[in-house]
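A.B. asks: Residue numbers (the numbering used here), protein chains in the order written: chain U, 1 to 313; chain R, 1 to 313; chain D, 1 to 313; chain B, 1 to 313; chain P, 1 to 313; chain F, 1 to 313.
Treat the hints with care, as some may be off.
Said to hold, decoys possible - Calculated from the model, a selection of chain B residues having no Cβ within reach of chain U, i.e. all distances over 12 Å:
id : residue
1  : A16
2  : R49
3  : E97
4  : S199
5  : V209
6  : K268
Claimed, not checked - When the alpha-carbon atoms are kept at most 20 Å apart in a straight line, the in silico EDC-like pairs for lysine to aspartate or glutamate are as follows:
id : chain 1 : residue 1 : chain 2 : residue 2
7  : R       : K268      : R       : E309
8  : R       : K268      : P       : E211
9  : R       : K268      : P       : E208
10 : B       : K268      : F       : E211
11 : P       : K108      : P       : D172
These aren't lab readings, by the way, just hints derived from the structure by calculation. A quick note: this is a predicted structure, and the numbers were derived from the prediction, not measured. We treat Cβ as the ideally placed atom computed from N, Cα and C, and that holds for glycine.
There are 6 protein chains.
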Amino acid sequence: DGRRRLPYSDPATFMAAPYRQNAFGTLDGLKDLDVALIGVPMDLGVTNRSGCRLGPRAVRAVERIGPYEHVLRVAPMGMLRVADVGDVPLRSRYSLESCHEDIEAAYKAVVAAGVIPLSVGGDHSISQAILKAVGEKRPVGLIHIDAHSDTAGEYEGSRFHHGGPFRQAVLDGAVDPRRTLQIGIRGTAEYLYEFSTDSGMTVVHAEEVEEHGIRRYIDVARQLIGDGPVYISFDIDSVDPGFAPGTGTPEVGGLQPREVLALLRGLKGLDIVGGDVVEVAPQYDATSNTAHIAAQVLFEMLSLVALREKPSI
Amino acid sequence: DGRRRLPYSDPATFMAAPYRQNAFGTLDGLKDLDVALIGVPMDLGVTNRSGCRLGPRAVRAVERIGPYEHVLRVAPMGMLRVADVGDVPLRSRYSLESCHEDIEAAYKAVVAAGVIPLSVGGDHSISQAILKAVGEKRPVGLIHIDAHSDTAGEYEGSRFHHGGPFRQAVLDGAVDPRRTLQIGIRGTAEYLYEFSTDSGMTVVHAEEVEEHGIRRYIDVARQLIGDGPVYISFDIDSVDPGFAPGTGTPEVGGLQPREVLALLRGLKGLDIVGGDVVEVAPQYDATSNTAHIAAQVLFEMLSLVALREKPSI
Amino acid sequence: DGRRRLPYSDPATFMAAPYRQNAFGTLDGLKDLDVALIGVPMDLGVTNRSGCRLGPRAVRAVERIGPYEHVLRVAPMGMLRVADVGDVPLRSRYSLESCHEDIEAAYKAVVAAGVIPLSVGGDHSISQAILKAVGEKRPVGLIHIDAHSDTAGEYEGSRFHHGGPFRQAVLDGAVDPRRTLQIGIRGTAEYLYEFSTDSGMTVVHAEEVEEHGIRRYIDVARQLIGDGPVYISFDIDSVDPGFAPGTGTPEVGGLQPREVLALLRGLKGLDIVGGDVVEVAPQYDATSNTAHIAAQVLFEMLSLVALREKPSI
Amino acid sequence: DGRRRLPYSDPATFMAAPYRQNAFGTLDGLKDLDVALIGVPMDLGVTNRSGCRLGPRAVRAVERIGPYEHVLRVAPMGMLRVADVGDVPLRSRYSLESCHEDIEAAYKAVVAAGVIPLSVGGDHSISQAILKAVGEKRPVGLIHIDAHSDTAGEYEGSRFHHGGPFRQAVLDGAVDPRRTLQIGIRGTAEYLYEFSTDSGMTVVHAEEVEEHGIRRYIDVARQLIGDGPVYISFDIDSVDPGFAPGTGTPEVGGLQPREVLALLRGLKGLDIVGGDVVEVAPQYDATSNTAHIAAQVLFEMLSLVALREKPSI
Amino acid sequence: DGRRRLPYSDPATFMAAPYRQNAFGTLDGLKDLDVALIGVPMDLGVTNRSGCRLGPRAVRAVERIGPYEHVLRVAPMGMLRVADVGDVPLRSRYSLESCHEDIEAAYKAVVAAGVIPLSVGGDHSISQAILKAVGEKRPVGLIHIDAHSDTAGEYEGSRFHHGGPFRQAVLDGAVDPRRTLQIGIRGTAEYLYEFSTDSGMTVVHAEEVEEHGIRRYIDVARQLIGDGPVYISFDIDSVDPGFAPGTGTPEVGGLQPREVLALLRGLKGLDIVGGDVVEVAPQYDATSNTAHIAAQVLFEMLSLVALREKPSI
Amino acid sequence: DGRRRLPYSDPATFMAAPYRQNAFGTLDGLKDLDVALIGVPMDLGVTNRSGCRLGPRAVRAVERIGPYEHVLRVAPMGMLRVADVGDVPLRSRYSLESCHEDIEAAYKAVVAAGVIPLSVGGDHSISQAILKAVGEKRPVGLIHIDAHSDTAGEYEGSRFHHGGPFRQAVLDGAVDPRRTLQIGIRGTAEYLYEFSTDSGMTVVHAEEVEEHGIRRYIDVARQLIGDGPVYISFDIDSVDPGFAPGTGTPEVGGLQPREVLALLRGLKGLDIVGGDVVEVAPQYDATSNTAHIAAQVLFEMLSLVALREKPSI
Ligand SMILES: [Mn+2]
Ligand SMILES: [Mn+2]
Ligand SMILES: [Mn+2]
Ligand SMILES: [Mn+2]
Ligand SMILES: [Mn+2]
Ligand SMILES: [Mn+2]
Ligand SMILES: [Mn+2]
Ligand SMILES: [Mn+2]
Ligand SMILES: [Mn+2]
Ligand SMILES: [Mn+2]
Ligand SMILES: [Mn+2]
Ligand SMILES: [Mn+2]
């Protein structure tokens, strides 16, 4: 009847996607979806400032993402069956361990349903649980955009924390380190991340991007990944705090958002089997820019899913 | 299975109520509800700072409202069938007139369905359209909590603006001025509001509340309203800007939130037939306190609906 | 032609008063005025956080002050010839001493022109220089609303600082301590202010207002002041930081704005010969509430000037 | 007398220019000016977040713009007769249509007086009304810096909105599309802007600037414009939200401020006949960076006016 | 040499107390102290917004607390040997259980050294561990100022969380419920706190304070406590969010800071054996008012310790 | 015992260095140190917005700086004896002159003790006093990163102000202008800084960095400085306000943080004899990004000190 939704109306969902309530815990909650947009409001794995448990709500609150990606020339919502399926149910907000179990179980259901998960954290430890599901059948390639390599070992007695998911994912056989690119890396804990190079990952530091330009690394990424399945994990702290202050472990001297966009757009055609956007802590995001970048990256991931050339799922 | 929703999980709805998508525009969208929680994201009627079009989203984003009202001793969500039915569809964000038509039409559907509307604006001009529906069959009493009487006439060529809804509502026959209490009134435009006293409304200024205490005015309110139907209109600028800065026409020297709560709780048993919470402009709400008070007041209204002694609908 | 100014249009002046450019430094810059609204953007006298040099601009930026005072029932702009005459010219932003000389000179010109000065600081040390002009001919009474008595002696080698203006004013013969009320006093430096009681000032602490109510102290004030000339000095830190965070030396447990308004309105009829509003530091004023209260108090002062019963000037 | 104005003193005007009160509505209000700095506090044309009605005041509040442009080596205030003439008087804040009529009328008076208008909005729809005056006699060239092409047609029943001014300006014969450069374009509504390329405009996307560098597009601009008259329209959302968060429809991945400055400085010598800076919404500008960039761009425009080589007016 | 510390100079410690580095873990780290000011930067026990792990740093950053308490007429730093002993060392930031063990161990060392602990949290669950030490020898009385009774049982599988410390403390024999006053209580989870009344605690709701005035409850408190040992636990969410927004589970309609100050000052002479200030989450504290109130309350506690009439330790 | 400090625990010191209390004023307060981290909380020398007196505290509050510099491959804290020695004691907060005397005296003690000072201001005028000590024996080279050349003469009657330290340092014989690089320069006061080029300094503007890349200027810097002693002075306003809004005289179009880092890292091996980070005004730093960059730059300076190849001290 000529009446359209305003960008700021109604309960906010990821990219204004339809909301599928109670998707988890029912048998057919994920039926008939190509892509599930999932929140994981858990921040027990951080080393410094907490707060990214509110990341999913902050990303949902962003107005005006999509419908069109003007560089990739695609309107993905029209090509895929997509829903915001709400947040992973967590039985206890006091136990990092039980949260990891709950996340793993939820994503195994998603993968079992043949649905591609695009997730919003939550701290980066969640990728460990997600990859247990996504990479269960075969190791996947990884595009990991972050200020930190996140391949440290057990810390303060916990196997779960946001500094270690990708070590675990490799040890779990869920990620193929030779098909892994880590980019945007910098900061003051480099010595903790030897596992990255030891295991064969390709690590590109932020200052290399500044020196050589992002476009060189699109080629690197495409060559590494080839046409096998690939997961994209985007830690918002990869971006310079000038653009993305709302995160718990910021590092000066990061990527520009337009470099991140160029990199992601450069992945057009690859076989994306999942992705996540993590570490958005809106308490530190005075302008909501951080959530905005996160939402835009989520949209780029969705666009890439729509444009897969040889989809494996 | 022992898993509960976290206060900060999933798409945010008013007081965490279930979300009924597409409630408007379908024949049975409002079926089987006692109370509809409705957003009206429209701010074309303001005289000063715009921004309250984002009020509904801001009030939804508040965590931890309810389930229990400890003074009234009621858990209203368990007693009533309640849903967040989304926002009123508006055909044009550029026309104050057409927005008013759309609001009136939507609320006529709500009233026709026998559902009590509790609304979140939006600017106060929306009450004019809402009352056209709620007060269509017979004039209703009015508890109007505001810094301003909002009974001015046409202004700058417009019959619709946030300084005039209650004059129109009286002229429309929707509100009974002798069963009307305006409370919290103050500020610099008093001379515009002669209609209030001329028409027989009872006007209580903020400084009177400071001098005599709020409890005196609970009695005044109950006497005025009696056991006929009553609508509650709560303009957040009634509250002192120290507590509620996020609004477009703040006035120094307002009510304390606990005075507002005491007043509302004092209305227990009355025949509430609708209510609204308006003028929340989150851009000016650095702490989200304003939205928080608004959400709490919405919850008080819902509690009052649950406790009506002689409900007319 | 039917077109009125919007509250947010045009360069902002105090209470939207007309702007008289270059009022200082020309012979007839202050001619034909009853009241001059004057900014004093100087904060070299603070003991803690600087920033109130931006106070005058912040108070000007407040929208919608006046035209009507609904308790005093007066529209003062229509009764008095009022202008925003800009800020006191200061020859050096590096010398507290020379600033004091410049302020004193400027106010002597204002007083000589028979104009009542209402000022916005700047730090409270400015009152010392202003009172040298206003109280030059005879000592004036003083209503001093503040968290601090500001009657300390020389500090760190300086006679000028925001903790001492009223000691100096008494010593200068500009203020009559027996016709002085200090109200709102509290905080952690009480021991510095023995001069207040020693000299005969009446000191009312914030907790006394909380305990006994503000209205008791209206009587005290009126009795002290009588019908002689009186100056009103309002330090925004008198108000509780919950309402007025934007100041350099906040003290928990202060006055409510509505208590300040009640007190000022209670002074109706007195012979106000000047007033100031000081210590507004907008950098700490996330909501602009502090500036708003300051602007409202300035308006109350103007209203009181309009309502003087036996004006001495 | 050796006393200079402090950057933060006195009522704030655009770039601290002298304030000419009541410039509109009097016969000779614009007399003897080369350039009029004009505010247009109107935001009824936005599609998303309102608030830029406060843009003019926010840009005025910026301290320390000028007097010298160190790259262009010019101090324009000394070469031109410039004044802040206040804001366009608007008869109704409730009617987008009447605002457009009022703006058009005001600018026709400016153009008739032979004065070059440099404006601060307000939403981008105002350019449509301004260009009706500036381009009335002959179509002008256009340098349009924006995230959006703003060449959409009627929307939700309104010919006036911030997504369409340049389509209308072309249809009005006020802008020559072949002498038009749109730069900074990106975002999710590309499909609405086919008119840009269809009509012959040159459209440069943000990612092209990132890839090739801004200096390439200075040449493009100079070639397109030649030595005919040109208008510059600067939408602050062209700049990346990391630098300019204070706007209603931000888009990730925009221009850097230093690229905008380089582009503008590259236009030295062109025949600038007017310019505007729009879409500054200070409610979203936690650091005032957005207003700061806007004020600097206004200063660049003024500098370019001072350096015109073959001025047509 | 005449040079004093500025309020904003040097590393910030609680109330500018001297900093005793490495107080924990060495044998004589707490030697010769009357009072230890201790931070507990742990927020794993919250139910909603995390962030109060940064509470201790925020309270330290407050300038200008003390040296004089003007109502109690005491300068406690001069009467007691006081130090900021840093924060409790925590072996893992990922385990709520191990944090509780570490806190308990640290406070047992404090108590063993005969030192009175005044603590800054951290979430309220820490009081449970602290009271295990403070109340180990005999149950203590409790003045508990909070919006919540915090006497719920195990939740989501955890005995430790900020909604239950005082149930545990009673069950541990550390707190005497008949000598316990809970005041400021309100909010939406009342039904969880039956243990309070069942065990014999005196519970005063916020609306009772509003209705009857705080001074009535000073008498109640003194009668309950008598001259036995008493612990004071102050949850910042007892205060209305208008004054103290920086907390994780705010509740509309709380105490005014001046009521809290009056209550605490009313406890003069009691045998205070410890105290804590918890739930300060600076991420939500745009003005730093919340931290300011917390620091002032800490100072009141210190003043009360200095004024004990029959000290048991 | 396996317990480590959390990044957010304990009183905050510069880069979590140990705190040496009372370092100034005692004979051996600086004994056995290689590097002293010193705060200078003084902002009386600013021309516009005050507030950087709180800079040292803001930089201390930054979490997670170091221990490792991943590009320089150094962990400087392990190689040098470093302490936060607190802030320079200042006898009067009201006298710019006496502050300069106090600063000079303190730094002469530092230099006499053979300790390298790395300082955090405060306004840039402090460099003048610091260099009187550091360059007393022989002129030093200077890497000066700033938006402003800061070589103006006396201003408003004061030799001390933040626009002139390096003119004075050259005139004092403390800085060798031919071994001086000023980089990042831009803005509206260029005409005040002729002394820079007249005296032989090399001045690189921000737009040159944007055009040619920062790496070109590393070579320029190394050639200018050679292997003589060099001081690094970093004014945070060199960085674009998008990244570093928290400063008093921001200028649009500045350096990116990653360019600053690249430049500093390019100075590896030089004989750094001191450095400062100035003009951090946290009141304007909504995200704390500004303080974060400042802390990171301080860490880069410390890393460079650790890597000196031919240290002169
Ligand atoms: Mn990560
Ligand atoms: Mn990371
Ligand atoms: Mn209203
Ligand atoms: Mn109102
Ligand atoms: Mn004062
Ligand atoms: Mn004061
Ligand atoms: Mn535009
Ligand atoms: Mn745009
Ligand atoms: Mn609690
Ligand atoms: Mn609580
Ligand atoms: Mn400088
Ligand atoms: Mn500078």
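A.B. asks: Just double-check B/E97 for me: nearest Cβ-Cβ distance to chain U has to come out over 12 Å.
C.D. replies: holds, 20 Å
A.B. asks: Can the restraint linking P/K108 and P/D172 be considered satisfied, given a maximum Cα separation of 20 Å?
C.D. replies: Holds - the C-alpha atoms of P/D172 and P/K108 are around 15 Å apart, at most 20 Å.
A.B. asks: Are the Cα positions of B/K268 and F/E211 separated by 20 Å at most?
C.D. replies: Roughly 18 Å between the alpha carbons, so the hint for B/K268 and F/E211 holds.
A.B. asks: Please verify that the nearest CB of chain U lies beyond 12 Å from B/S199's CB.
C.D. replies: Since the minimum Cβ distance to chain U is about 19 Å, B/S199 lies beyond 12 Å and the statement holds.
A.B. asks: Checking the smallest CB distance to chain U, is B/K268 really beyond 12 Å?
C.D. replies: Answer for B/K268: holds, closest chain U Cβ roughly 27 Å.
A.B. asks: Please settle this one: B/V209 was flagged as non-interface, so is its CB more than 12 Å from every CB on chain U?
C.D. replies: Per Cβ check, B/V209 is inside 12 Å of chain U; nearest 9 Å; violated.
A.B. asks: Can we confirm that no CB of chain U comes within 12 Å of the CB of B/R49?
C.D. replies: violated, 7 Å
A.B. asks: Holds or violated: R/K268 with P/E208, Cα cutoff 20 Å?
C.D. replies: holds, 18 Å
A.B. asks: Holds or violated: R/K268 and R/E309, Cα atoms, limit 20 Å.
C.D. replies: It holds: about 8 Å lies between the C-alpha atoms, which stays within 20 Å.
A.B. asks: Is the Cβ of B/A16 farther than 12 Å from every Cβ of chain U?
C.D. replies: holds, 27 Å
A.B. asks: Is the hinted pair R/K268 and P/E211 satisfied, with a Cα-Cα distance of at most 20 Å?
C.D. replies: Within the cut-off at roughly 18 Å; holds.
Of the numbered hints listed earlier, those contradicted by the structure are 2 and 5.
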